[in-house]
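Letter by letter, the chains look like this.
Number of protein chains: 2
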Amino acid sequence: MPDPSLTRVKRLPDKARTDRQILNGILDAGMVAHVGTVDGEYPVVIPVAYARQDDQFLIHGSAASRLFTLLAAGSPACATVTILDGLVLARSLFESSMNYRSAMIFGTFTLLEGDFELRALHTITEHLMPGRWNDARQPTLQELKATYTLAMNITEWSVKVGEGDPDDNPADLHTVQGRDLWAGVVPINSSYGVPIPDPHVPQETPIPPYVQKWRV
Amino acid sequence: MPDPSLTRVKRLPDKARTDRQILNGILDAGMVAHVGTVDGEYPVVIPVAYARQDDQFLIHGSAASRLFTLLAAGSPACATVTILDGLVLARSLFESSMNYRSAMIFGTFTLLEGDFELRALHTITEHLMPGRWNDARQPTLQELKATYTLAMNITEWSVKVGEGDPDDNPADLHTVQGRDLWAGVVPINSSYGVPIPDPHVPQETPIPPYVQKWRV
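As given, the protein sequences belong to chains A and B, one line each in that order. Position 9 of the first sequence, counted from 1, bears residue number 8 in numbering that gives the first Met the number 0, the numbering being contiguous throughout. Position 57 of the second sequence, counted from 1, bears residue number 56 in numbering that gives the first Met the number 0, the numbering being contiguous throughout.
Hints should not be assumed to be uniformly reliable.
One copy or two, it doesn't matter: identical chains are merged, so the pair holds either way.
[Claimed, not checked] When the alpha-carbon atoms are kept at most 25 angstroms apart in a straight line, the in silico SDA-like pairs for lysine to any residue are as follows:
#1 K144 <-> N98
#2 K144 <-> Q176
#3 K212 <-> F115
#4 K144 <-> N168
No lab work stands behind these hints: they were computed from the structure.
Sequences are here, hints too, so could you generate the full structure?
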């Protein structure tokens, strides 16, 4: 297991939360995880689609991928999910920062097979594209063979949340360079755009109702 | 240096680009990088603010942070920047995926000091908050001492871009489970919300014009 000191945030204790519900909230709100592992002595960090299923963190990728092969073989991993919520414009550059929610999970992945794999793929699809699983063409055995579906138990983890107003020094609060300076938060939001049908979709085919319900 | 095979994407050659301009475009469009390093034998991946300055990849963080201390000491690193552009709803679950742009940079960081540090902090601030540097209170010597500003040369890197329509099998194009199935891309967009002043900003203080110009 990793150095346990890494599973707590010591530097900014007010940004550290230990509540498992906060972890679950971050994992359930994100869409892309950055998964790091070690190849030889070098770190590699790749973006992957993921989902949480109870106490498991799930990813899937090509069985031909070097990284997924390393992960499937039990190479130590760290999966980080970050949601950027806004820019924090403090009066000092030093206190200027970002509001964000970030979750890190440490451990090793195991390969899922049979019904466990299918259930995990269902969970990942429904996390990213709720309603799509039953509508789309199901995976064939050959497609499942080409896919590595991996699970990591969520046991070693940390979360870090930056939120709220700038944390300026009292001395900076009123005048900066002899004048009032605007300070605060500029929120950053994600949203879905208008769905774009591919060229083979017959014109009368409606956008599925489940897609119309998606909100980031 | 890392295994050179990692710096090219072999599995999906149509998603691999070698053009340096595409790399620069991704780095200049992103706001958060996920930086991985190795602590003992375990990978750690942290989200950080960053900027590109010509051929250098810049980050900054607390000198008291274990991770920044490791990075400053030359621990091998991988920095990955990912921009999620949309969900790709193929007719088969197997071909369903995401459109995204991702850049990976491999190497080691070096600590910047004096004018080099100040210039890098300026670059990071202006990347994330264009116009803010000259308006805000400048860093003191003590604040600079508490900050590690690190640079990695952009020499070993790869980019991966997924874009456009689903890549369904011809056999899936027309009927899925006996009917037409909508397929296409659901775009994901980022945007700034309405700036929220902190409680100490006098009511008449305007939102700075440079903030009003920001577009993600």
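* To do: Give the relationship of K144 and N98 under a CA distance limit of 25 angstroms: within one copy only, between copies only, both, or neither.
  => Only across copies: K144 and N98 sit 23 angstroms apart there, 41 angstroms inside one copy, limit 25 angstroms.
* How would you label the pair K144, N168 (within, between, both, or neither) given a Cα cut-off of 25 angstroms? -> between (58 angstroms within a copy, 17 angstroms between copies)
* Given identical chains, is K212 near F115, meaning Cα to Cα at most 25 angstroms, within a copy, between copies, both, or neither? -> neither (28 angstroms within a copy, 49 angstroms between copies)
* Is it within, between, both or neither when you check K144 against Q176 at 25 angstroms Cα-Cα? -> between (64 angstroms within a copy, 22 angstroms between copies)
In the structure shown, a violation is registered for the earlier hint numbered 3 alone.
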